[in-house]
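Just so you know, we're using the working numbering here: the sequence shown kicks off at 63 and counts up by one.
Simulated from the structure, these hints should not be mistaken for lab results.
Be aware that one or more of the hints could be misleading.
As the list claims (entries may be wrong) - Pairs of lysine-lysine residues, derived as BS3-like cross-links and limited to a Cα-Cα distance of at most 27 angstroms, are as follows:
no., residue 1, residue 2
1, K152, K285
2, K261, K152
3, K214, K152
4, K214, K235
5, K285, K261
6, K214, K261
7, K261, K287
8, K287, K152
9, K214, K287
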Amino acid sequence: MTLTLIITRQPVRIIVTSLPKSLDPKTLATLEGLQVRSRQIVEGLLAGTHRSPFRGVSVEFAEHREYVQGDDLRHVDWNVYARTDKLYLKQFVDETNLHCVLLVDSSASMQFATEQSLSKYEYAQCLAAALGWLVLRNGDAVGAAVSELPLKQWLPSASHSEQFQRLIDLLTKVELQTQSPSKSFSDFLTQVAVQLSQKSIVFILSDFFMDSEALTRGVERLKVKGHDVTLFHVLDRGELKFPFQGDVELNSLEGQQTVQVDADLIGGRYQELIEQFCQNLEATVRNLGADYELLASDVNLQMALLTYFQRSASRRSV
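Using the sequences and the hints, build the whole thing.
As structure tokens, this is what we get:
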């Protein structure tokens, strides 16, 4: 048995009325064109909601106003109350000013796939396109980049009618890398931060098999500039569960290493390590004030987005 595996070191409001029709990765793989895939995902997602999940999102504080009876106490600025003994609510820049930026990892490890028909990159590609379509459908601006240096594939944020096709072109015409992102991912995020003139909601889609300190530096640079950052951690089910038996040959996608292992012998320890890796990454990200969502690349994409928006709404309303 031979397989390829790499192991390296504003509130959102939606009301769910029904679960959308399933579109799992195997089904998506039979649809021609990323544009068709992403629209199918979004149409299914919105069929189960009363409104766009991006309605009401804002990352930029505007001003305070005095509390009046009936206002939501969750929006009270308690720091101001402590100083003045008066209730004031935070108000934010109008929701139509939303700028969303999609950053997709194109390193070699993102090509990995086991049983399902989509690789991690294809899954991230569909997810990014669906998010972009949601933002544009709402009349807001979306931009994107793929992880390469120098930053050639940069799509500045815009909301015009041609922007979705430009996003599709960027995601489909990229040449996947043959090596690990290593410390270069920090430089990539830094260059993106320089490009962003408006405070934005930034989604980073990757397996994050990279230098953790470099990733931390990159996310910090985005946060320092006031951006709202979410990491979508995309992993193959085989990477999460290691469902292999007997003698297995592991070939690195980001190098020439080949290792023969007894899957029965190392499986338990592997699962401990991958769980620890995900937990450590989530803890680091949340300590930076960013959001984190782990996604297996065989999970229904509509369900993945629905779950993310529900969790995000819950966290932001606390």
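Here's how the hints hold up against the structure:
1. K152 / K285: Status holds; Cα separation ~20 angstroms.
2. K261 / K152: holds (17 angstroms)
3. K214 / K152: violated (39 angstroms)
4. K214 / K235: holds (12 angstroms)
5. K285 / K261: Holds - the C-alpha atoms of K261 and K285 are around 10 angstroms apart, at most 27 angstroms.
6. K214 / K261: holds (22 angstroms)
7. K261 / K287: holds (7 angstroms)
8. K287 / K152: Holds, because 20 angstroms separates the two Cα atoms, which is no more than 27 angstroms.
9. K214 / K287: The given pair, whose Cα atoms are some 22 angstroms apart, holds under the 27 angstroms limit.
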